[in-house]
Amino acid sequence: MATLREIRRRILSVKSTQKITRAMKMVAAAKLRKAQDNIVNARPYAYKYGAMIKHLALDEDVRRHPFILQRELRSPEDRKIMLVIVTSDRSLCGAFNSNIFRKAKQLLETDFKTCYERNQLKLLTVGRKGYDHFHKRGFPIANYYIDFFRDMNFGKAQGVVSTCVREFSGGNADEVYVLYNEFKSALQQQIVVETLLPIEPEKVEAGVQQPSATDYIYEPDMPGLLNTLVPSHLNVQMWRIMLESFAAEMGARMTAMDTATENAGELITDLTLFYNRARQSAITKEILEVVGGAEALKK
Numbered sequence: 006m007a008t009l010r011e012i013r014r015r016i017l018s019v020k021s022t023q024k025i026t027r028a029m030k031m032v033a034a035a036k037l038r039k040a041q042d043n044i045v046n047a048r049p050y051a052y053k054y055g056a057m058i059k060h061l062a063l064d065e066d067v068r069r070h071p072f073i074l075q076r077e078l079r080s081p082e083d084r085k086i087m088l089v090i091v092t093s094d095r096s097l098c099g100a101f102n103s104n105i106f107r108k109a110k111q112l113l114e115t116d117f118k119t120c121y122e123r124n125q126l127k128l129l130t131v132g133r134k135g136y137d138h139f140h141k142r143g144f145p146i147a148n149y150y151i152d153f154f155r156d157m158n159f160g161k162a163q164g165v166v167s168t169c170v171r172e173f174s175g176g177n178a179d180e181v182y183v184l185y186n187e188f189k190s191a192l193q194q195q196i197v198v199e200t201l202l203p204i205e206p207e208k209v210e211a212g213v214q215q216p217s218a219t220d221y222i223y224e225p226d227m228p229g230l231l232n233t234l235v236p237s238h239l240n241v242q243m244w245r246i247m248l249e250s251f252a253a254e255m256g257a258r259m260t261a262m263d264t265a266t267e268n269a270g271e272l273i274t275d276l277t278l279f280y281n282r283a284r285q286s287a288i289t290k291e292i293l294e295v296v297g298g299a300e301a302l303k304k
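Here the sequence shown stands for residues 6 to 304, numbered as in the numbering used here.
To be clear, the hints were calculated from the coordinates, so they are not data collected in a lab. Since the structure is predicted, the reported quantities are computational estimates derived from the model, not experimental observations. Wrong hints could be hidden among the right ones.
Below are the EDC-like pairs computed for lysine to aspartate or glutamate, each with C-alpha atoms no more than 16 angstroms apart in a straight line [stated by the list, open to error]:
hint : residue 1 : residue 2
1    : 59        : 205
2    : 208       : 65
3    : 127       : 83
4    : 24        : 271
5    : 127       : 114
6    : 127       : 172
7    : 108       : 187
8    : 189       : 42
9    : 85        : 172
10   : 110       : 122
11   : 118       : 83
12   : 108       : 199
13   : 127       : 116
14   : 53        : 205
15   : 30        : 263
16   : 30        : 267
17   : 59        : 207
18   : 85        : 180
19   : 20        : 263
20   : 59        : 199
21   : 85        : 116
22   : 118       : 180
23   : 20        : 271
24   : 85        : 122
25   : 20        : 267
26   : 208       : 64
27   : 36        : 263
28   : 161       : 94
29   : 127       : 179
30   : 85        : 179
31   : 24        : 267
32   : 127       : 180
33   : 36        : 156
34   : 24        : 263
35   : 53        : 207
36   : 20        : 275
37   : 39        : 156
Label-pair ranges, simulated between beta-carbon atoms [said to hold, decoys possible]:
hint : residue 1 : residue 2 : range
38   : 107       : 45        : 26 to 32 angstroms
39   : 198       : 275       : 39 to 45 angstroms
40   : 284       : 21        : 19 to 25 angstroms
All residues carry an ideal CB built from backbone N, CA and C; glycine is no exception.
Using the sequences provided together with the hints, build the complete structure.
What follows is the structure in structure tokens.
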């Protein structure tokens with residue numbers, strides 16, 4: 006049975022941990038507010054930009070662009086894929102990273118199984134946790150970005166896009182996908198698998214007349230304008246994805262630290278109750294020993 010000193014030491018240790026988790030929760034909450042404002046401001050522009058490019062891609066001439074054209078493969082086995090996996094740089098954020106790892110494993114066992122078995126799948130990891138997880142398990146990592154979110158900026162997102170474009174243009178990847186946590190609320194994140202390259206045209210439902218993309222006027226010319234718009238679109242979408250992931254991470258960390266703080270409080274209550282009972286038992290035992298000694302002296 007633990008001594009009173011050990012119980013007191015345990016209570017002090019849990020109280021110290023509770024202070025840390027409470028402080029981390031407050032820091033995450035402050036960062037979440039700023040991250041939430043950033044993603045709310047970025048979404049309308051990114052969504053509208055993406056919708057415009059997808060609408061342009063309905064035009065046959067626009068689909069000749071190398072980033073929009075669907076490559077014709079000799080067989081499904083020739084398919085080469087790059088999967089960009091966005092995780093956090095630090096832990097203590099609940100199931101934020103483990104959900105990503107679980108989804109990645111599911112993709113490798115289903116949609117990307119053939120490519121993975123034929124060594125035609127490469128990973129690009131953003132975040133230390135993703136790199137550590139897949140590097141230890143021997144997955145083929147084409148490139149990685151560690152401490153990405155410590156000083157996140159648009160230039161870093163452009164660097165990730167440059168790597169993807171280089172692999173895609175060089176024929177090392179026929180398709181580029183991004184796996185990340187989309188921010189819904191502080192309590193909810195949604196795992197998303199998004200196609201980055203090639204750019205998919207706007208989807209048209211069966212039986213609905215295909216909308217026309219000829220309502221745009223290109224100045225000075227279509228190829229020159231697309232060579233500017235398409236790379237810019239990719240950079241904007243990657244920046245939005247990074248903002249989504251960072252906001253989701255802060256929400257997950259705030260929730261995890263809030264839960265840890267509450268659990269620490271419950272543990273302190275239980276330990277204090279146990280300490281008081283043990284102390285009362287020790288006092289009662291001492292009183293009985295004194296009484297017993299006094300009775301022995303009388304006899």
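Tell me, which hint numbers fail for this structure?
When the structure is compared with the hints, none of them turns out to be violated.
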